[in-house]
Structure formats: structure tokens, C-alpha cells
Amino acid sequence: MAKVALSSIAKSFGPTKVLGGVDLDIADGEFLTLVGPSGCGKSTLIRIIAGLEHQNAGSVAIGGSSVDHLRPHERRVAMVFQSYALYPHMSVGANIALPLTMSRLKLWQRLPLLRQLSAQRRSVMRGIEADVEAVAAQLQLDHLLARKPAQLSGGQRQRVALGRAMVRNPDVFLMDEPLSNLDAKLRVHMRTELAELHKRLGATFIYVTHDQVEAMTMSDRVAMMDSGAVLQLGTPSQLYEKPASLKVAQFIGSPTINLLPAATAAGGRLELFGRPLALAVPLAQGEAVALGIRSEALSLVQGEPGGNGRAWFSARLRRKENLGSEYILHFDLAGRDAAGVTMRATPAAAAGVNEAAEVTLGFDETAAHIFAADGERIEPRGQGAATGSVVPLRA
Amino acid sequence: MADLALSAAPVTPVHSVLRRFLTLVLIHGVLIAGAIFMLAPFVWMLATSIKPPAEIFSAEISLWPKQFYGLQNYGFAMEKAPLLRFALNGVILCGGILIVQLLVAIPCAYALAKLDFPGRNALFVLVLLGLCIPVQVPAMPLYIALAQLGLLNTYFSMMMPFFLSVFAIFLFRQFFRSFPDDIINAARLDGMSEFEIVWRIVTPSAWPAIAAFSVFSAVAHWNDLYWPLIVISDAKLAPPPLGMMFFADAETGSNYGALTAAATILTAPLVLAFLVARRRFIDGITMTGVK
Ligand SMILES: Nc1ncnc2c1ncn2[C@@H]1O[C@H](COP(=O)(O)OP(=O)(O)OP(=O)(O)O)[C@@H](O)[C@H]1O
Ligand SMILES: [Mg+2]
Chain H
306 MAKVALSSIA KSFGPTKVLG GVDLDIADGE FLTLVGPSGC GKSTLIRIIA GLEHQNAGSV
366 AIGGSSVDHL RPHERRVAMV FQSYALYPHM SVGANIALPL TMSRLKLWQR LPLLRQLSAQ
426 RRSVMRGIEA DVEAVAAQLQ LDHLLARKPA QLSGGQRQRV ALGRAMVRNP DVFLMDEPLS
486 NLDAKLRVHM RTELAELHKR LGATFIYVTH DQVEAMTMSD RVAMMDSGAV LQLGTPSQLY
546 EKPASLKVAQ FIGSPTINLL PAATAAGGRL ELFGRPLALA VPLAQGEAVA LGIRSEALSL
606 VQGEPGGNGR AWFSARLRRK ENLGSEYILH FDLAGRDAAG VTMRATPAAA AGVNEAAEVT
666 LGFDETAAHI FAADGERIEP RGQGAATGSV VPLRA
Chain R
1087 MADLALSAAP VTPVHSVLRR FLTLVLIHGV LIAGAIFMLA PFVWMLATSI KPPAEIFSAE
1147 ISLWPKQFYG LQNYGFAMEK APLLRFALNG VILCGGILIV QLLVAIPCAY ALAKLDFPGR
1207 NALFVLVLLG LCIPVQVPAM PLYIALAQLG LLNTYFSMMM PFFLSVFAIF LFRQFFRSFP
1267 DDIINAARLD GMSEFEIVWR IVTPSAWPAI AAFSVFSAVA HWNDLYWPLI VISDAKLAPP
1327 PLGMMFFADA ETGSNYGALT AAATILTAPL VLAFLVARRR FIDGITMTGV K
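Protein sequence lines correspond, in order, to chains H and R. Start counting the first sequence at 306; every next residue gets the next number (this note's numbering). Start counting the second sequence at 1087; every next residue gets the next number (this note's numbering).
Hint data in this document are derived by calculation from the structure and do not stem from the laboratory. Values in this document were obtained by computation on a predicted structure and should not be read as measured data. Keep in mind that the hints are not guaranteed to be accurate.
[What the hints assert, rightly or not] One side only, chain H facing chain R, incomplete, derived with CB under 8 Å: (1) Ala355; (2) Leu375; (3) Pro377; (4) Phe386; (5) Ala390; (6) His394; (7) Leu403; (8) Leu491; (9) Met495; (10) Thr497; (11) Ala500.
Yeah, the Cβ is synthetic: ideal placement off N, Cα and C, and Gly gets one too.
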């Protein structure tokens, strides 16, 4: 088992800078997810860890020692690809066995004709077969070993790719969007299976996805990337509760966080739609800030709004979305140049709101995330020090 | 109901069926004419090979002879010319050339398609330029070199100029381009060397292209007269066309029945091979890649 340490990894393809000095320390046995929008360099980073791509600067260490000089198969990592990358002309059994035949048989023992001369080959092959069968049993592939990849469903192919990675017993599993070719239901199922596999194997997992739900549900820690840099590294709840920047806040969480335009008045006190709030930030007067409010932090206000550190504004219902256990309500902010807001509501609460009706929405001011014009998170005065540890990597 | 349907349709069904029929007739007519044009010499060769000499030179045109003379013609050809020897030479020549061509061209094509190294594109341009050079251009220096080395009149001298096929490199390179990079990367992670990746992972997927190229190569060298004529003077080493020439020069010069019988025997292996490999050949030409 092994920890993985990346120090200032940089990579460019010609003039395009893809990674700009990424530092990451991944603990032994940890499930770390790299998440971020398309094209931010996640695949490039994981391919550098695998040794399939060479970094222009920086170094990769696995298990405490640098692996920069090692070729991919010497790094004791296994990779699962989005496209599964099974060998099309080999049976499932041969696909899973291949890494073992490569490592346990010498070159001449693998050559056609010549291999018949080897005395040990028989017994080695028998050992390999036993290992393949053990892995196939774990993944419920036993009855498929003789098939070709083309004769399998997407989920089965996915499991074969997993089996081929597992059979080598690697220290580190690298997975590049392994679930994104599956349909929604299978994806949810495989999510659980992967999480259980991680627990059972105890190996280090580095998992790439651009699906924030996968990132939130499976990982010990999440590294949110954008434009070749890690914006924030932390547990899923840290990223959700204390997003270090506007980009993180917008990427993590579904529905997307609501953003309300606010401004600073005298003394750094915030004003929302012209009404003063109890919040104050260390900024000069007249600065524009964005208030981020999660959809579950909003609530319908009956009667007299305001007071007790609660902010409010009025909105008009545009559309209701029924999710079964709850509703997502979409509101327009009447007459204001701000995007609409979404709110989670119980079916009972949702029933009380009519289409096009004007209502008052309120939220607890302490639940608001405040972001400066450049997207950095700002802690309101006199509050920031008290709350949990956030690791903003971009100062 | 019927009235409604008729008035709604701009063209009556009878009309459109007729038009479709006429288009089919036209297309097939053109194709049949082309096929007759291509096949006529073969058919004529077959017909001539079973005719007695008197009928071959008669003015009237007939496909089937009045007197069946096939046995005599084929018997004479088999007896007077070592046809099996010529065919065997042809097989050795084509087989030797094809094997070396594949051994050389497949790794080259893989490197040009999938490996990143400086000068790769320049090399590929050179390959494309190589496609433009006809064999006649290097014939002279090659002949001199082979003569100096005392290698004339050997199988090797017949094969050597064709070992490196730029056409094969070009064809396979185009084919390998569509092979998924992820599979190659997976093989690297599994511990395969680039050579093993070429032969064990990429080549098995290239069967259609290999089959197509094999047909091209075999046909070209089975029928090649130009180069064997230059380097071979020993009838024992002659491949089919050169053998035919030796055969025609000797006593049989004007025995067209026997000559066409010999030609039929020497063309047959190729035609049979093509019929067997037809499906793969067509797959390869239309370039269906792997998924
Ligand atoms: N071989 C290459 N040559 C040139 N540019 C490349 C190459 N590979 C990747 N890139 C560029 O690097 C950037 C990052 O690519 P990468 O594949 O790492 O993105 P990603 O985060 O995995 O995106 P996705 O979620 O879409 O898979 C992209 O802008 C891409 O165009
Ligand atoms: Mg990617």
C-alpha cells in the first residue's frame, strides 16, 4: 500500500499550458477524487501519475520514493479507462490474465512455439488461472470468462476493466471517469460497488470525474480543479459547506448554489437589494459581492419578514419540479437584474405556493457564503476564525 | 379513401415503381457491360485452351469448340513446361515478399501512427514521396549491386527490391490511426513492450487491412514480369509470367491452345485465392476500423 505525493506538477502541450504546478498529498488507502469542468486537466494529471505522460516539471512519488524514472507498469499502479480499453480480440479471461502473464512469464515463455519448451510455464499458467478466477468471482464475472468484450454489456465491460486492474494487486488504483459510459441507474449501483471495493481492498484510489455527485458520495477527500490548478482540497462536506471560491461553490451541489448580488455600505456592512444585513466584511464601501445561498437554506416567510439575523427578498414562482420526496421551486426575482433562485421545499410547503404568485423568501444570514468580485471567499467580520478548517490552495 | 390517397400523393405509385425499375436496369446495365469488358479476355483464354488449332484460327467466333481439344492442350502444356515448378516459384516469391513486407511495414506504420517522436511527420512525408517512385527508377543500381554481390539468379534477387513497401506502410498507418489510444495505454500499464503491443494487440485488429494488402501484393508479384526478366535467366527459378515466356519461346511458339492452357493453369491459383479471401479483401478496402 502506498501514499502518493505530487509536487508542483506542470505540463504543457506545445503552447497550451494544461497543468500549472499541482501539489497534492494523497494518504495511504485514501479515496481521493479529482473533480472539475471538462478540459481542466484531470485526465492529464492522472496519466502523469500512471506514467503514460511525462510532466514538464515537478515530481511524482508513490510509497515515499520518486517514480519519475519508472515506466508505467513498474509503478505498481493500475488504471481503469472511461472507454474500458479491453483488448478486443481476447476473451474476458485472457483480458484479466494479461497483466499476470506479463509479469510472471519471461519474454521467451510468452513467444509462440518457443513457449512450449518451458517446463514451469504450465504451473505458472495454473496459478494465473486461479487468480483470474478469484477476481472474476468477486466481480460476478465467472460465467463470462470465455466471451469476447464485444459480447458484453456496458456494465459487464466495466467490471472486466476493474478485474484487469484488481488482478495485479496494485498499490494505487487510477480511474478516469470509469462510470460515465453507463446509464444513470447502473452508475448509482456501480458507485456503491466501487466504494465497497475500496473499503475491501484498502488500496489508494485516485478517481477522476466531472460528476459532482460521484465526487461527493464516494470520496474521503475531493480536489476540485479548474484550468490546471487545484482550487480546493478537502472532505466533501468541507467543499460543500465552506467553498473557497465562487467556482467551487457553483460546481459542488445540486441544484447549483443561488447567487444574489449584494454591495458593501459604510463600514463594510452588506446590503441586499438595498436592505441592510447584519453581516459585515473587511471591504471598502461600494464594493460588489455575491451572496451564495444553497437551495435548502432558503425558506418561505409567512407574515412579517426580517429580524433575528434573517434576510429576505420577494420572488415570483416560475416553475415547480416534483422529485417525489421533495420539490425544487424555481423563482424569478421580480424586477431585479439577478438570475432566478431555486429552493428545496417539502411537498406540503410546495403545495402552498401558486404559479406566478409573489412570495417572500428568507434565509439565515449565517448560511450565506460571501464571495468578492474576484471570486474569493470572504469570511464575515468576527465569524471566520471560529469555523472549521478550510484549505484554500490558491491565495 | 383511395381517391384521397391518390390526390395526396404527388406521384402515382405505378410511376415511382417504374422509375425505380429503370434506374436499376440502367445501373446494372453499366455494371454488366463493365464486367463483360473485364472478363472477356479470361473467357477467351478459357475457350481457346479447349479448342483444336484449326478452330482457333477459324474466322467464325464461337465460345464452345466443335471438337473438344482440352485434354490434348492441357496435357501438352503440362508435359512440355514445368508449370508446377513455375507455380511453386510464384508461391515462394510472393510468400517471401509478403512476409518480409509485413514484418517491416507493420512496426513502421505503428510508429508513424501512434508514437510521438521528433521528425515523425517529415518521415511520413518521405513515405508518401516513396509512393511516387516507380520500380523502374532504381532498377539499374539494384541490378548492378546484385550483380556485384553475385546474387543474380537467386530467389533473393527477385524479392529484395520489394521488401520495403511504402504502400503497405501508408495503408497500415491509416488503419492504425483509428486504433484506440486507451487500449495501447492499458497494454503499456500491463507491462507490454511496444513490440508486443504491435504484434499482440494492434496487428490482430488489422486483419482486414492485412488481407487486402496481401491480395494486392500477391497479385502484383505473381504477375510481375519486368523484374524477374532482368535478374533471372535460369528457367528453374522463373515465376509464372517469365516461365510462360520461356515456354512460348521454345517449340510451342504458335501452339496457342497449349499456351492458353498453361496460362489458365498459372492464373487459377490467384483467382481461387481471391475468391476465398473475397470478404476480407472487401472489408479491408472499405476500411472498417475496430470499435
Ligand atoms: N495530447 C494532447 N495534445 C494537446 N493538447 C492536449 C492533449 N491532451 C490534452 N490536451 C489538452 O489539455 C487540456 C486538458 O485535457 P484533459 O484531458 O486533462 O481534460 P479533462 O479535465 O480530463 O477533461 P474531461 O473532463 O473532458 O475528460 C485540454 O484543453 C486538452 O485540449
Ligand atoms: Mg478526461
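Cross-check of the supplied hints:
The beta carbon of Ala355 of chain H comes within 6 Å of a beta carbon in chain R, closer than 8 Å, and the hint placing it at the interface holds. The interface hint given for Leu375 of chain H is violated, since its Cβ lies 12 Å from the closest Cβ of chain R, which is over the 8 Å cut-off. Interface restraint check for Pro377 of chain H: the shortest CB-CB distance to chain R comes to about 5 Å, inside 8 Å, so the restraint holds. For Phe386 of chain H, the suggested interface contact is upheld, since its CB lies about 4 Å from the closest CB of chain R, less than 8 Å.
Proximity of Ala390 of chain H to chain R holds as hinted, the smallest CB-CB distance being about 4 Å (cut-off 8 Å). With a cut of 8 Å, the hint placing His394 of chain H at the interface with chain R holds, because the nearest CB-to-CB distance is about 4 Å. Evaluation of the Leu403 of chain H hint against chain R yields a held restraint, the C-beta minimum of about 5 Å falling below 8 Å. Interface hint at Leu491 of chain H: violated, since its Cβ lies 20 Å from the closest Cβ of chain R, which is beyond the 8 Å cut-off.
For Met495 of chain H, the interface hint is violated, the least distance from its beta-carbon to any beta-carbon of chain R being 19 Å, above 8 Å. Evaluation of the Thr497 of chain H hint against chain R yields a violated restraint, the C-beta minimum of about 25 Å exceeding 8 Å. The interface hint given for Ala500 of chain H is broken, as the beta carbon of that residue sits about 23 Å from the closest beta carbon of chain R, more than 8 Å.
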